[in-house]
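From first to last, the protein sequence lines are chains A and B.
If you're matching positions, the first sequence starts at 1 in the UniProt record's numbering and goes up one per residue.
If you're matching positions, the second sequence starts at 1 in the UniProt record's numbering and goes up one per residue.
Take these hints with a grain of salt, some might be off.
Pulled a few chain A residues facing chain B out of the computed Cβ check, cut under 8 Å [what the hints assert, rightly or not]:
no.: 1; residue: Arg153
no.: 2; residue: Gly157
no.: 3; residue: Asn214
no.: 4; residue: Leu217
no.: 5; residue: Leu226
no.: 6; residue: Gly390
no.: 7; residue: Gln392
no.: 8; residue: Ser402
A short list of chain B residues far from chain A (calculated; beta carbon distances all over 12 Å) [unchecked claim]:
no.: 9; residue: Pro65
no.: 10; residue: Phe69
no.: 11; residue: Ser154
no.: 12; residue: Cys171
no.: 13; residue: Cys179
For the chain A half of the interface with chain B, some residues (derived, Cβ under 8 Å), not all of them [what the hints assert, rightly or not]:
no.: 14; residue: Ser103
no.: 15; residue: Pro216
no.: 16; residue: Ala221
no.: 17; residue: Trp239
no.: 18; residue: Leu425
If you're looking for bench data, these hints aren't it; they were derived computationally from the structure.
Quantities reported herein were computed from a predicted structural model and do not represent experimental measurements.
Every residue gets a Cβ at the ideal spot worked out from N, C-alpha and C, and that includes glycine.
As a plain string of letters, each chain reads:
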Amino acid sequence: MSVASPSNPSIALQSKWWNGLRNVLEREGLFCKDDFTPSAENLEFLQTKSKVLIIGAGGLGCELLKDLALMGFGDLHVIDMDTIELSNLNRQFLFRRSDINSSKAECAARFINNRVPSCKVTPHFAKIQDFDETFYQQFHIIVCGLDSIVARRWINGMLLSMLRYEDDNSIDVSSIIPMIDGGTEGFKGNARVILPGFTACIECTLDLFPPQINYPLCTIANTPRLPEHCIEYVKLIQWDKENPFGAPLDGDDPQHIGWIYERAQERANQFNISGVTYRLVQGVIKHIIPAVASTNAVIAAACAMEVFKLATSCYDSMANYLNFNDLDGIYTYTYEAEKSETCLACSNAPQVVNIEHPNTSTLDDVIKQLCELPRFQLKSPALTTVMADGKQRTLYMANVKSIEEATRKNLTQSLGELGLQDGQLLTITDVTSPTAMTLQLKYQANEVEMS
Amino acid sequence: MIKLFSLKQQKKDGDQSARGGQQKKASAAQLRIQKDINELTLPKTCAVEFPDSDDLLNFKLIMSPDEGFYRDGRFVFNFRVGSNYPHEPPKVKCGTQVYHPNIDLDGNVCLNILREDWNPVLTINSVVYGLQFLFLEPNPEDPLNKEAADVLQSNRRQFEYNVKKAMRGGCVGETFFECCLK
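Construct the entire structure; sequences and hints are all you get.
Have a look at this one:
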């Protein structure tokens, strides 16, 4: 198969290859969005202007890259911190045996760049946490093919923190970067569209994620029945006791896994349990759930479709959560996950507090305002902030004795002395509210220089 | 639905945030733990201690039961809250050696809500109450220290005696316990 189109973009635009897309993007349709204008510019936007970030170049990431590249997107970035392993090759089809131990992001980008000339993929062999908002700012849309909840929560928090607000506290829509999130686990998967600040975010629906399987400690210790119980026993109890390699357990170290395998087998024999295998040990230690290529393909396709709809505004986005299960026949259901009014992460527009004299106003003055001003009326607020160097700092908390004692001295210090800058965000929690509140300090212009 | 935006009108180059750029926001786990900590309502037998008041993710719970087998003892639990809180439960270890059916000699605690029954709606307060319950009603059905559980099941008097002996500082069977009386 050759999908090559000439390298000159103007010719590429006219190539027959894109006729299918043209039918959608250059014609009126009954179900088009109101603000959709059919025109050749739509395709041009896709190919030359839009910029999409794919997070993860694994099972979903490979599918997403392939889908989006072949769908006409011209500028894709992909970020992944992992290297390729043998066990990836059955489904992560952009990789070959010779790529083992190389960066997933780089190999995937190279493959697409060679194969699909109309698309340029820029790889980032890094963690998402290595970049700040100036990096994420450049993208129109972000698609996630992640296997980690921590990473989802992180990028969710990043996109929420990038929202800008108008004076009336409504969100400046141009600061929204939509996030399309795909996830699979064996035969089950989901795809969702998140418009940060507008629709349910990752934190709003945190309890939808399947809990990690944890076996009761007493079962593991005394009445193991499953091979998993034996493995968990070695991991939780024996490792710390014997510390065989003088290092914390590393699931990627074959020596570590080998040691656990042997000990787990001994324990299994003691209790007449069969089924402890090296693979199972790996699976339990690293929480591996077998990946299914077809599930990845379906979920990635659903995500790619949402990216396409958002980028071209040819059709309304899915609202907003698709469930998929092909374990036994095929089941799908799409529903609208509701934004939680009490979400700690997204129901939390920064409240601006004007400070006239940052070098004389004390923390106590700010707390008094929080308790007395009609728009706050807090009871006993706890205040924390993240300092310019990224360190978390507790400014004051009255309810916990040891923290109160340690932070009491802050009360009489001025905001300037505390190192709080103009624009600093404070996180406030209080019994009067189920959410956390973000407070933004705004210093009067003439004092900014001094602080 | 909100008429979202027309991506095409968005300029991306040089479109830097007007909000002073790099004001860092607290992580979701931080927000949640701050809320949990600020709203702790501890039973009078419990207190929390923060070695570093800036670090709300690591702290100690000190429990001094005023009734039950463990009356007059003082037990310290070390809490470590991870970045995936509250999706994952806090890690809790008992830092005081204790003769207890549900706590082993390395300080591992067998409490359902710390493992298999954890749920993101639970809070640090729930865990404190769970631990308190464990000291009022040790549960021999789910033992972590099997010897202690066997004694509790077969001879409550003996168990009570063993607990007292261990708390005063002494040997129960082969194991030596340090004094943990108030």
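Hints, one by one, checked against the model:
A distance limit of 8 Å between C-beta atoms decides the matter here; for arginine 153(A) the minimum to chain B is near 5 Å, and the interface restraint holds. The interface hint given for glycine 157(A) holds, since its Cβ lies 6 Å from the closest Cβ of chain B, which is under the 8 Å cut-off. Evaluation of the asparagine 214(A) hint against chain B yields a held restraint, the C-beta minimum of about 4 Å falling below 8 Å. Given hint, leucine 217(A) at the interface with chain B, holds; its Cβ is 4 Å from that chain's nearest Cβ, closer than 8 Å.
A least Cβ separation of about 13 Å between leucine 226(A) and chain B goes past the 8 Å threshold, and the interface hint is therefore violated. Here the hint on glycine 390(A) is kept, as its CB sits about 6 Å from the closest CB of chain B, short of 8 Å. For glutamine 392(A), the suggested interface contact is upheld, since its CB lies about 6 Å from the closest CB of chain B, less than 8 Å. Checking serine 402(A) against chain B by beta carbon gives a least distance of about 5 Å; that is within 8 Å, so the hint holds.
Every Cβ of chain A is farther than 12 Å from the Cβ of proline 65(B); the closest lies at roughly 20 Å, confirming the non-interface assignment. Every beta carbon of chain A lies more than 12 Å from that of phenylalanine 69(B), the smallest distance being close to 18 Å; the non-interface claim holds. Listed as a non-interface residue, serine 154(B) keeps its Cβ farther than 12 Å from every Cβ of chain A; the least gap is roughly 16 Å. Residue-level check passed: cysteine 171(B) sits 21 Å from the nearest beta carbon of chain A, beyond 12 Å.
Against chain A, the non-interface label of cysteine 179(B) holds: every CB pair exceeds 12 Å, the least being about 24 Å. The beta carbon of serine 103(A) is not positioned within 8 Å of any beta carbon in chain B (closest approach about 24 Å), and the interface hint is therefore violated. With a least beta-carbon distance of about 5 Å to chain B, the hint placing proline 216(A) at the interface is held under the 8 Å criterion. Annotation: alanine 221(A) was flagged as interfacial toward chain B, and the flag holds, the nearest CB pair being 5 Å apart, inside 8 Å.
Here the hint on tryptophan 239(A) is broken, as its CB sits about 11 Å from the closest CB of chain B, past 8 Å. The beta carbon of leucine 425(A) is positioned within 8 Å of a beta carbon in chain B (closest approach about 5 Å), and the interface hint is therefore held.
Checked against the numbered hints above, the structure breaks hints 5, 14 and 17 and satisfies the rest.
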